[in-house]
Amino acid sequence: MVVKCPVCGYRFDSSLNRACKSCPVGFDCDRICCPNCLYAWIESTSLVSRILNLFKKEKVIGRS
Amino acid sequence: MNRIFAEEKDRLINTAPVILVGNPNVGKSALFGVLSGRYVEVSNYPGTTVDYAAGWIRIKGEKLRLFDSPGADSLSPVSEDEIVTRDLLILYPDSKIICVVDSKNLKRGLVLLSQLAEFGRKVVLALNMADEAKISGVNIDTEKLSKILGIPVVSTVATQRRGIERLKEALQHAAIPIIPVDYTGEISNAVDKIENRLRGICHGARGISLSFLSGDNGLPAKAVNLLSDPDLNRIRQIKTRLESAIAEPLGFLIAKRRNDSIKSIIDRTVDSGKTVGQRAFQIIGQLSLHPLYGIPVLISILIGIYYFVGVFGAQTLVGILEENLFGGIINPFFERIFGLIPIPFIRDLFVGEYGILTMAITYALALILPIVTTFFIIFGILEDSGYLPRLAFMVDRIFKKIGLNGRAVLPMILGLGCDTMAVLTTRILYSRKEKMLVTLLLALAVPCSAQLGVTLGILASISLSAVLIWLAVIIAVIFLVGYLASKVIPGRSSEFILEIPPMRLPKIENIAVKTLMRLEWYLKEAVPLFILGTLVLFVLDKLNILILAKKMFAPVATGMLGLPEKSAEAFIMGFLRRDYGAAGFKNMFDNGLLDPVGAIVAMVTITLFVPCIANFFIIIKERGLKTALLMVSFIIPFAISVGAIMNLVLRGLGLW
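In order, the protein sequences belong to chains A and B.
Residue numbering for the first sequence follows the numbering used here, starting at -5 and increasing by one per position.
Residue numbering for the second sequence follows the numbering used here, starting at 231 and increasing by one per position.
Isolated chain A (complex conformation) (with noise of 0.2 Å):
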């Protein structure tokens, strides 16, 4: 998923730069990391996806 940096506006591929690839801790925190400033936030996470998922009224299908 292609996603903008809040911070400086920088667009990458969030699925390359998970933040928990570098952390010492080493588990799963959803934090995306941008590479341009490494400012890290949450873009997604399972739970909430999950629950959004089921307030949505239909799957969309298709690509525009």
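Hints were generated in silico from the structure; no laboratory data involved.
Just so you know, not all the hints are guaranteed correct.
Far from chain A, by Cβ distances over 12 Å, these chain B residues were calculated [stated by the list, open to error]: (1) 245; (2) 267; (3) 376; (4) 391; (5) 396; (6) 429; (7) 459; (8) 515; (9) 525; (10) 567; (11) 693; (12) 735; (13) 774; (14) 874.
No farther apart than 27 Å at their CA atoms in a straight line, the calculated lysine-lysine pairs in the DSS-like style are these [unchecked claim]: (15) B/337 x B/737; (16) B/493 x A/-2; (17) B/326 x B/452; (18) B/469 x B/486; (19) B/469 x A/-2; (20) B/772 x B/796; (21) B/377 x B/398; (22) B/377 x B/326; (23) B/851 x B/754; (24) A/-2 x B/486; (25) B/290 x B/352; (26) B/486 x B/377; (27) A/-2 x B/754; (28) B/398 x B/326; (29) A/-2 x B/337; (30) A/-2 x B/737; (31) B/780 x B/796; (32) B/493 x B/352.
All of these numbers come straight from a predicted model, not from anything done at the bench.
Every residue gets a Cβ at the ideal spot worked out from N, C-alpha and C, and that includes glycine.
Using the hints, position chain B against chain A.
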């Protein structure tokens, strides 16, 4: 008959096609459906899982192939969809392009259009969703836009088949857009050099050069196959040299130059018809970047945080949850249940003084959760409104005034997101000395968002002046250490590159989702550490080491800091997470064990402690065990010294 049909099909397939290119969710597929009729093939692009649709379009009796490329925001690809779109353009160099944009967000579409211009493609611009733009009050001067860009511009509403015939007609006049972008200096030279090597080998050499320089996915396969090995190596060398000469990511710098050019086109052709609220936000956005007027904006935000987090979160909500729900119902219930267990060890483990339920869970859910929830809401608003980049810009400016170079400022701003991750940012600094000082500064004085929320909330429950005193001390420490750092490490000055987005009204659903996600992360990360911290205290208590620790710490706690002996517990908890330690002090303050001066001293001291155990681990990882231990051996006495001075000054002044 079949042979004739096959020949006709081959002829059509070999004709230059029309390709629909556009950002995701701009109604491109709807437009494709209208232009192509019913016949649609959906295929996988070779070597990928990305599918694209193909059909036919009839223009003045001529039948042409029509492709619907995957949605892309950029032709400097960062996703598989974008790679496929770029490669489709390279595969069909003579194709005509319909660039589909959302009329409500012309800027996003023009970024893509400027790249199509760099690829040297003939384009027609379709301003789709024109009806929605009109409702939103966005008016685009299409004639003027067409004149500036030098290409046909057509307003369309694909879902209502509006503008379709004019779009087909305009395709015959498709032209290369004129969007001059000034890349200047080293980037411009590198682009020219790569372009020279690609010219004659593949179409769109300038676009490919820029895409290669700004993307992470290398050159397109077609270019790689056609280039000689020496040329290929030379091109890669040009990029590597440019990357080492320029500190910031090339992709970001190139995108920024494009955005600057596009902004001037938008200013001349779009009337955004903003509402009063939107205009007010725009003015606030401009003020917040001003060196003088930015300060009252920041103070207003701090006052907002004080009332929402400090008064509503830390007092009202904590009061309801801690006293009424946990103190009155939940904990007495569990105490009765565990009271039935005849083994005191088990009983104490869950509902004792250092019990998992009565301490860890109560602190996490009744004390900290309401504070971080209110703080995360505010943080989400700041993020969604576009204020964070403005704050970073202001801090950068202030730090530059004391002589600290831009690169050293960056980690400290980012520490507000997560200190642990911010330590990693120090990799972008040049010297070892520089890295050490910034790591130290981060560990010492920059609280992460959760810790900032809890500390502010707890201080605000004392008084506004308590918040201001704490803030003044922390800022003074950052400035003092920052100033010393600038003297020790002059470093070479470098720019902190930011894209300042327009200030906008935050969307409630965005804030709600962000807050929920942060809360889920917080509970997953913090609660296990709270339980671990409580277990450490429980074990120390059972082994009578806690009493010993309190006695050993007594001269410091009572003598220097003016705190009760029990504060040793909060400092032990604070080493696992600063906010957990802060919660311990809050509990002591609520139970009358701390006076307001003691609470402020405790909060300043705990803020200057190592942020959390993860931060300590990453210091070991990045700087080594010896350096990490040295830092901790500096941080702890420094934190206590500042706390001791605060104790003397505040009690001497007799403010409370």
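The hints, checked one at a time:
1. Taking the minimum C-beta to C-beta distance to chain A, about 25 Å, the non-interface status of residue 245 of chain B holds against the 12 Å cut.
2. No beta-carbon of chain A comes within 12 Å of the beta-carbon of residue 267 of chain B; the shortest separation is about 17 Å.
3. Here residue 376 of chain B stays apart from chain A, with its beta-carbon at least about 24 Å from theirs, past the 12 Å limit.
4. Once the 12 Å rule is applied to beta carbons, residue 391 of chain B is consistent with being away from chain A; the minimum gap is 17 Å.
5. Look at residue 396 of chain B: its CB is around 21 Å from the nearest CB on chain A, clear of 12 Å, so calling it non-interface holds up.
6. Non-interface status of residue 429 of chain B relative to chain A is upheld: no Cβ of that chain comes within 12 Å, the nearest being about 28 Å off.
7. For residue 459 of chain B, the condition that its CB be more than 12 Å from all CB atoms of chain A holds, with the nearest at approximately 28 Å.
8. Annotated as non-interface, residue 515 of chain B keeps its C-beta farther than 12 Å from every C-beta of chain A; the closest such distance is 14 Å.
9. Listed as a non-interface residue, residue 525 of chain B keeps its Cβ farther than 12 Å from every Cβ of chain A; the least gap is roughly 20 Å.
10. Here residue 567 of chain B stays apart from chain A, with its beta-carbon at least about 28 Å from theirs, past the 12 Å limit.
11. Here residue 693 of chain B stays apart from chain A, with its beta-carbon at least about 32 Å from theirs, past the 12 Å limit.
12. Here residue 735 of chain B stays apart from chain A, with its beta-carbon at least about 16 Å from theirs, past the 12 Å limit.
13. Distance check for residue 774 of chain B against chain A: the nearest CB is about 31 Å away, which clears 12 Å, and the non-interface claim stands.
14. Here residue 874 of chain B stays apart from chain A, with its beta-carbon at least about 32 Å from theirs, past the 12 Å limit.
15. Distance hint between residue 337 of chain B and residue 737 of chain B is fulfilled; the C-alpha atoms sit about 20 Å from each other, no more than 27 Å.
16. Restraint check for residue 493 of chain B and residue -2 of chain A: satisfied, since their Cα atoms lie roughly 18 Å apart, inside the 27 Å limit.
17. Distance check on the hinted pair: residue 326 of chain B and residue 452 of chain B sit about 20 Å apart at the alpha-carbon level, within 27 Å; holds.
18. Of the pairs offered as hints, the one joining residue 469 of chain B and residue 486 of chain B holds, with about 18 Å between alpha carbons and a cut-off of 27 Å not exceeded.
19. The straight-line distance between the Cα atoms of residue 469 of chain B and residue -2 of chain A is roughly 24 Å, inside the 27 Å bound, and the hint therefore holds.
20. Proximity of residue 772 of chain B to residue 796 of chain B is assessed by CA-CA distance (about 16 Å); at most 27 Å being required, the pair is judged to hold.
21. Between residue 377 of chain B and residue 398 of chain B the CA atoms are separated by roughly 19 Å; this keeps the pair inside 27 Å, and the hint holds.
22. For the hint linking residue 377 of chain B to residue 326 of chain B, the alpha-carbon distance of about 19 Å falls within 27 Å, and the restraint holds.
23. Among the hinted pairs, residue 851 of chain B with residue 754 of chain B is consistent with the structure: their alpha-carbon atoms are about 23 Å apart, no more than 27 Å.
24. Straight-line distance between C-alpha atoms of residue -2 of chain A and residue 486 of chain B comes to about 13 Å, which keeps the hinted pair within the 27 Å bound.
25. Restraint check: the Cα-Cα separation between residue 290 of chain B and residue 352 of chain B comes to about 19 Å, which is no more than 27 Å; the hinted pair holds.
26. Of the supplied pair hints, the one linking residue 486 of chain B and residue 377 of chain B holds, its CA atoms being roughly 24 Å apart against a limit of 27 Å.
27. Distance hint between residue -2 of chain A and residue 754 of chain B is fulfilled; the C-alpha atoms sit about 25 Å from each other, no more than 27 Å.
28. Only pairs whose Cα atoms come within 27 Å are accepted, and residue 398 of chain B paired with residue 326 of chain B is accepted, the gap being roughly 11 Å.
29. For the given pair, residue -2 of chain A sits about 15 Å from residue 337 of chain B by alpha-carbon distance, which is consistent with the 27 Å threshold.
30. Taking the CA atoms of residue -2 of chain A and residue 737 of chain B, the gap is about 17 Å. The hint holds against a cut of 27 Å.
31. A hinted pair counts as satisfied when its Cα atoms are at most 27 Å apart, and residue 780 of chain B with residue 796 of chain B qualifies at roughly 7 Å.
32. For the suggested pair residue 493 of chain B and residue 352 of chain B, the alpha carbons sit about 22 Å apart, so the restraint of at most 27 Å is met.
No hint from the list above goes unmet by this structure.
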